[in-house]
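Participant: Listed below, chain by chain, are the residues.
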Amino acid sequence: DTGVSQNPRHKITKRGQNVTFRCDPISEHNRLYWYRQTLGQGPEFLTYFQNEAQLEKSRLLSDRFSAERPKGSFSTLEIQRTEQGDSAMYLCASVGIGTEAFFGQGTRLTVV
Amino acid sequence: QKEVEQDPGPLSVPEGAIVSLNCTYSNSAFQYFMWYRQYSRKGPELLMYTYSSGNKEDGRFTAQVDKSSKYISLFIRDSQPSDSATYLCALGGSTLGRLYFGRGTQLTVWP
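Protein chains in written order, with the working numbering: chain A, 941 to 1052; chain B, 11 to 121.
For the record, the hints were derived by calculation from the structure and aren't laboratory data.
A few of these clues could be false.
Below, computed lysine-lysine pairings styled on DSS-like, alpha-carbon distance capped at 25 Å [what the hints assert, rightly or not]:
{"#": "1", "chain 1": "B", "residue 1": "Lys-80", "chain 2": "A", "residue 2": "Lys-951"}
{"#": "2", "chain 1": "B", "residue 1": "Lys-52", "chain 2": "A", "residue 2": "Lys-954"}
{"#": "3", "chain 1": "B", "residue 1": "Lys-12", "chain 2": "B", "residue 2": "Lys-80"}
Just chain A, same shape as in the assembly (with noise of 0.2 Å):
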């Protein structure tokens, strides 16, 4: 499969937990997105990547939330004592020089 891949597909956590995600996109793509969407609502913008570089944060990002990309390859998403409002599809895009944006399936995070 040379699409992007993420995972978890699903994960549950206890409110205060540690989670992180990650995120394979397509091997020659040097730009990468995190995206969060919520129940009813679009995909909303968290970050980027060009390579290694995080270019762009949203406000959205807050300091519970890190992202990562090293050695412009794969990249994580890790959010820090979970709230229940943190609950949502988190979405990873892979983007090529002159290319459409590519997403993942997803992570679809539950806090309880």
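Model the placement of chain B on the given structure of chain A, informed by the hints.
Facilitator: Below, chain B alone, put in the same frame as chain A:
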């Protein structure tokens, strides 16, 4: 006011109907206009994108962009039950990745 407005529906039509979906936006700096389809609990998949005003056709799908009115549309001809999904408009400025989405319109096509 959100940057992109989209009526969430739901929209329910019989098989074979012509479906019209639309979005309005406020920022004239948007240059890329896209439509994504999203099935339940799946990621969005790109249907069509345009860079300028005018029409673009791909099979049963036609995308229209009117920059002067800040209005974009997606038409689906001869709709099929397999078209049942949420349709998201997405607009981009200088890049194809940093997108501003509408909230999506939920479409059901019944046989």
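Participant: Each hint needs a verdict: does it hold in this structure or not?
Facilitator: The hints, checked one at a time:
Annotation: proposed proximity of B/Lys-80 to A/Lys-951 is violated, straight-line Cα distance about 39 Å (limit 25 Å). Between B/Lys-52 and A/Lys-954 the CA atoms are separated by roughly 24 Å; this keeps the pair inside 25 Å, and the hint holds. The suggested pairing of B/Lys-12 with B/Lys-80 holds, with an alpha-carbon distance near 13 Å, which does not exceed 25 Å.
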